[in-house]
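Here are the chains, one letter per residue:
There are 2 protein chains.
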Amino acid sequence: MARRILLALVGLLISLGSTAQERPNIVFMMADNLGYGDLGSYGGGEIRGMPTPRLDRLASEGLRFTQFLVEPGCTPTRAATMTGRYSIRSGLSLALVRGTPNTLADSEYTMAEMLKDVGYDTAYLGKWHLGMDPQSQPHNQGFDSYFGILNSTDEAQFAVGMKRAGYEPSKSERAYVWEGLAGRDDAARPVREYTLDERRTIDVELTDRAVQYIAAEAKGSEPFFLFIAWTRPHYPNLTSKEFEGKSTIGIYGDSVMELDHNSGRVLDAISDEGIEGDTIVVWMSDNGPWKTMVWPDGGSSGPFRGELGSAWEGSIRTAGMIKWPGKIEPGESNGMFSAMDFMPTLAKLVGGQMPTDRPIDGIDQSDWLLGRQDHSNRESLITFIGGDLVAVRWRHFRIYLQDVVQAGNGFTRMGGTQANRIQHNGYPKVYNIAQDPREEYDVGAPESWVAGQYMKVIQQYLATLKGHPNPPPANLTDF
Amino acid sequence: MARRILLALVGLLISLGSTAQERPNIVFMMADNLGYGDLGSYGGGEIRGMPTPRLDRLASEGLRFTQFLVEPGCTPTRAATMTGRYSIRSGLSLALVRGTPNTLADSEYTMAEMLKDVGYDTAYLGKWHLGMDPQSQPHNQGFDSYFGILNSTDEAQFAVGMKRAGYEPSKSERAYVWEGLAGRDDAARPVREYTLDERRTIDVELTDRAVQYIAAEAKGSEPFFLFIAWTRPHYPNLTSKEFEGKSTIGIYGDSVMELDHNSGRVLDAISDEGIEGDTIVVWMSDNGPWKTMVWPDGGSSGPFRGELGSAWEGSIRTAGMIKWPGKIEPGESNGMFSAMDFMPTLAKLVGGQMPTDRPIDGIDQSDWLLGRQDHSNRESLITFIGGDLVAVRWRHFRIYLQDVVQAGNGFTRMGGTQANRIQHNGYPKVYNIAQDPREEYDVGAPESWVAGQYMKVIQQYLATLKGHPNPPPANLTDF
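Here the protein sequences come in this chain order: A and B.
Residue numbering for the first sequence follows the numbering used here, beginning at 1 and increasing consecutively.
Residue numbering for the second sequence follows the numbering used here, beginning at 1 and increasing consecutively.
Treat the hints as calculated values from the structure; they're not laboratory data.
All values reported here derive from a predicted model rather than from experimental measurement.
Mixed in with the good hints there might be a few duds.
Because identical chains share one entry, a pair is satisfied inside a single copy or across any pair of copies.
As the list claims (entries may be wrong) - Under the rule of at most 30 Å between Cα atoms (straight-line distance), these lysine-lysine pairs were calculated in the DSBU-like manner:
id : residue 1 : residue 2
1  : 163       : 241
2  : 456       : 246
3  : 348       : 456
4  : 241       : 327
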């Protein structure tokens, strides 16, 4: 708490003392399970029977990342984005399902807290998926207000399923739409049950609320940070009436088109209020597509292999873009950008502070985004699944320390949980992701020099664990 | 011959009688085994460690097809492009290797003959691969002049291989660079042996000759048709010195970058001569990548499945674009365009005539290209392998009448050679290529209504065979 007060004072001093410090509004939109190959600007869109004109326009007006890297699932990427750290550091490296003990701790310092501490008004709309404990909820993690669903969209099926089973669930076993206000509510309050009908319209309600929020905040004196976590195109992709049958590929395409439309309404609200030039827009997906288990209600990972839940590139490379008119040059870049990089980058841009009492894995990329240097500051990324360090990216090489073989939708890990143990079994698998986007040809032997490089990445990570051990992962196979 | 004279007279009358008829120059470039996912504008380029700035610029200045469809190999697509007909009609539906009996017949009427007949100067530079018989060679098929290799680039390996085996081949067994002049040479004359050293520089020589040709022709009174059949990025991708190590992915990437550079030099020559506005530029690849057998010297089929030689989408969808400043609106389109469509489309644009005494499978797409209608005239395509009708495309559905299972680089056909025979075994496999670019989910049952549609396509094709039977295919498994 002392740290928080100190940071708040620092933020206040900065915002008072430095008139040169810009504090643009930030509208941060996150899609759910949209794959690399889904949007038009990423080689999908019309080709896939689902045009995405609004997001394609955003891509052309902003900087589109072609090497935007995330974690292998909803909860992990959301935890990483919100904290600027690998999700394993907060015990959130697997998707949370009902009954999972792990939850976002009060001690985590979130992107919202960072922005709040420099005077931003903050709001969260949509899916949270970082735990149901009151301490974990958005309005207790730096957001002034919260409206949305606490877990995943597939919980919309609960009511129907329970009815079919003749089961009378307790209130805590049902799925709800929730809302919460910082300072008023300890735990969020259920608004209404989250049913399949609600699933059809929830994003329309998120959009309406976003438009209202932007209109109200545009007249205020403080900048605002609005985080919209869309529920689309996560299974089950039932849409509102207007979008039924809009695409040629069924409900997944219809849902992507509705996602495009709703994102466009938010962008329109920003320009309608005349604050386009003062507003940073981030738009990203949280991970690769969910496909095998939910087909045909799933997307495409484009040229890459695999889907969500695995460590293949198709799981951890997805769509991501940022727009700031007049500041960030429009175009596309193949520089490596991690979802974790947003927090330290935004902190730098608006005069916020990152905590210094814990390891931070996100990298400040502001010099690159603002054109002060021509390259990304990132050249590596580690991928964890549950408690396991599974894969390392170093430049255009992908190194697998453990085999993660997809079996149906899930994955079966082969080998133990310690990276070093696997090392001794021989060379790990190495793929050149530029040469071989589908990761079919192991180049571990001809490119054995890469070992020295990825081991540095691992050693740097392992060094951060001294004094900062990870909490136990909610990994059901690691009991 | 009587028909040819008649057509020539018709052409002459048109070119004299109608001053309104435009006759733009045509520069037609064809890459060899470049995959859908290789160029920057198709989601490759820098992402793949091999930037392609010149071809990306061409894509932005012209119309880029995202559904450009070809046949499953070098010879088939070249035959189809050159005749406006499925290659099976000329017996060229398999790649020609040494000893193959099939060859382009004198009776075929080529794109070059069509343009020659309306007064174009014509020249062919590069790989031919439509047969070594004198009757088949470019300078006997409508081109005023020819310089290049008659077969495939992998023959550059002949000399070394023969030497290792201590074998003294006859002249006819060696590989050569050839040249021929219409009216002077019956058979083309060997210029020099085509060796691995020649393979490094042949495309530079093609470029130099193309630049010279364009400079000379720009001063002439007749329009010109220059066909450049690059040898890149076909295995083996040895490059000229300047491009060694240019990419981050080895010789394949180096070769694609050299291809980009050489194509750029041709485009520069067109603008340097001030004829950019009077010149149609076509740039296409002949088929999907060659991968498994030649790895790492092969490309990517992007989001699609399979490679050259198969009937999967990755074999038959590749890069294709057309530029005509002031006439064809720049942009991209997902309309279906077949390599066979170029000949009738160009015929319409320049007042040429397509033969009426034989089935023509290419479709005149001029109204679409010139913006007189907003859609392609094509909604189906058949894919043959050797003598077999293997697959049908109808709109966004892909229908497989026979299983073609990739085994190593080649394919093993399961089932007989008659489409109807397979029909009776049950529903064929059906994939929705928009929903499922990687063709993993057979939707033959839920989309069984599609059967009535693709059967129409097959019946229309079968009807054309009455009176015009196909010659025997050079299909080694069909003896």
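Taking the hints in turn, this is what the structure says about them:
| no. | hint | result |
| --- | --- | --- |
| 1 | 163 / 241 | within (25 Å within a copy, 72 Å between copies) |
| 2 | 456 / 246 | between (49 Å within a copy, 27 Å between copies) |
| 3 | 348 / 456 | within (27 Å within a copy, 63 Å between copies) |
| 4 | 241 / 327 | neither (39 Å within a copy, 41 Å between copies) |
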